[in-house]
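Respectively, the protein sequence lines represent chains A and B.
Using the working numbering, the final residue of the first sequence is 334, and nothing's skipped along the way.
Using the working numbering, the final residue of the second sequence is 1325, and nothing's skipped along the way.
Please keep in mind that the hints were generated in silico from the structure rather than gathered at the bench.
Built from N, CA and C at the ideal position, the CB exists for glycine as well.
It is possible that part of the hints are untrue.
[As the list claims (entries may be wrong)] Among the chain B residues that face chain A by a calculated CB cut under 8 Å, a handful are:
#	residue
1	1048
2	1049
3	1056
4	1059
5	1074
6	1075
7	1139
8	1166
9	1218
10	1244
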Amino acid sequence: MTNVTDRVEADAAELLELYEQMAVIRATEQAAQDLFLAGLVKGTTHLAAGHEAVAVGASAALRPDDYVFATYRGHHHAIARGASPESCLAELMSKATGICKAKGGSMHLTKADSGMLGSYAIVGAHLPMAAGAAWSAQLRGTEQVAVAFFGDGATNIGAFHEALNLAAVWRLPVLFICENNFYMEYTPIGAVTSVPNPAADRAGAHNLPAEVIDGNDVLVVRDAVRRAADRARAGDGPTVLEAQTYRHFGHSRTDPATYRPEDEVRRWMERDPLAVTRDQLAELGLSDHAVLEADERAARVVSAAIEAAKAAPPADPAEALTDVWADGGAQWRN
Amino acid sequence: MAELSYRDAVAEGIAREMRRDPLVVCLGEDIGAAGGVFKTTVGLFKEFGPERVWDTPISEQAIVGAAMGAAMTGLRPVAEIMFSDFLACCWDYLANEIPKVRYMTGGQVTVPLVVRTANGGGLGFGAQHSQAVENWAFAVPGLKIAAPATPADVIGLMAAAIRSDDPVVFFEHKGLLASKGEEPPPDHVVPLGEAVVRRQGTDVTLVGLASTVPIALSAAESLERDGVSAEVVDLRCLVPLDIRTVLDSVGRTSRLLIVEENPYQGGWGGTVASIVADEGFELLDAPIRRVAAECVPLPFADRLEDEVIPTVDKVTGAVRRLAEY
């Protein structure tokens, strides 16, 4: 009995950690929205509130040296792979301390030193890159895997199919993880896609295994990614995972997402990944108090991040003419 | 000194770097056992095997996208896009991804890759297999661009391109593949961004790149018989652009004719002309002129293609008019 109790406690402790990571992401996304509405974030944002379990669950299953490629809706992946909320919010606020020195912005959060190799804003473009990173790992014999996270909309673009085919033919250690939030920007994905499961139903065409999973359950995501990563590391090739999830905000900026039926939104909000995890924690016997403390810690981290980002100096104009070339400069002629 | 063809120089240039650095890998359509449709990768598969020379499907986005991902994670990929026209199929990677990722991540990543491609006309392949598209790449900040005119430069620039930590688009000219030249010594490297004066002259500077270098040289010989002394500058690279060598030459000749195979509309000669007009105005005794491709799709028939792309006669005609100015 002691062993079972210990395991339950260990599970609860791990799950609470995942919960807290999700809470940090949620609070960061809310801050991004608030700062945008306050005029402190320019351009656009594509918030991932609602998608937290995909990033946190996947990250929990990956090795620290694995590669992650994300989309313009990628704040959650940057944070799940170790980017601080402060460096992300500073980036959004055009500050010198931004994670990309304010040269990337919301759509390009990157933390290369922990293998988060970028957020890409041309739909589908990063799937071949992830295949290439996996190819590199395979050739170097490192047993690393590469993961491409992408939206349902990306499954109708050529690069998706080119990447899946190449990865299948070369048996690459790559995971293609679709975050299916059921809307391609403002259009229901089902209205513009020939199959019901936009990623998983296409995997068979490339002779790849696929799974449709609950993307709002962090443990389901973690376990599915672990299975797929194990297969990849064992030399058994790529896997397609389709994680069903839902955006809490609109597609971008101030999109109120009025195109989504109210009852659909309500159903998904009841399946908020943080609420799902809170229920699981209660089932494991964790007290409400412990969850509340995790929420408070997350809130403190993010409010400190907001203050630090606000106080940081603006981007240095001299930075505009650096970082084009590997020598750090931008000289193209003599 | 042994001779080799421009075609064989491509494979030799790649092989030299593959022997030197085990992280150099090649990928592309038909580049393995088949040796490439232009036979520019002959021998690589045999020497280095399937672990380093990879045949791909006809998937230009996957080829260049995978090369990018591999370059970001420790390899030095050399990707082949069979005809430069097909760059349009993967242009996202050359316009949006590869040249920008270093900048937009604040310098967090480097992309040491080479995209090689067979460029240009003169062989009658028609509108979708004959274009000179170096100006496409020249429109994108963040790409280095090499376009050799001789076998020795193919090898020397290939070495520099593969060793470069920056992305390089490497244009191999189809019309030059059969041409021959001296085989360069081992470890021959031509640094990116160093133009060379191929022929000295006093009356006019002809600036060329790849196929237009031999055209300019032939024109210069013909002009010599008419008493016009033409200097020929081979740019070798568009980025970095060695404009200093051009300005120095114009300082000696006071006249400039740019010979480029890409269309006049948006061609690289426009940028060269604008810099010389801006920074070398006092050096000039005549307007800057350009012989470039006509602004039409490339036609198929030889007689029509000759109407469109630069020829020796067009260059000599333009120089004579310039000399009389």
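Outcome of the hint check:
Taking 8 Å as the C-beta cut-off, the interface hint given for residue 1048 of chain B is violated, the closest approach to chain A being about 12 Å. Interface restraint check: residue 1049 of chain B against chain A, minimum CB-CB distance 12 Å, threshold 8 Å, status violated. For residue 1056 of chain B, the interface hint holds, the least distance from its beta-carbon to any beta-carbon of chain A being 7 Å, beneath 8 Å. Because the beta carbon of residue 1059 of chain B sits about 4 Å from the nearest beta carbon in chain A, less than 8 Å, this interface hint is met.
With a least beta-carbon distance of about 6 Å to chain A, the hint placing residue 1074 of chain B at the interface is held under the 8 Å criterion. The beta carbon of residue 1075 of chain B comes within 5 Å of a beta carbon in chain A, closer than 8 Å, and the hint placing it at the interface holds. Residue-level restraint check for residue 1139 of chain B is violated (minimum Cβ-Cβ distance to chain A is 12 Å; threshold 8 Å). The restraint placing residue 1166 of chain B at the interface with chain A holds, with a minimum CB-CB distance near 5 Å, inside the 8 Å limit.
At its closest, the beta carbon of residue 1218 of chain B sits 28 Å from a beta carbon of chain A; the interface hint therefore is violated under the 8 Å criterion. At its closest, the beta carbon of residue 1244 of chain B sits 5 Å from a beta carbon of chain A; the interface hint therefore holds under the 8 Å criterion.
The structure fails to meet hints 1, 2, 7, 9 from the earlier list, while all remaining hints are met.
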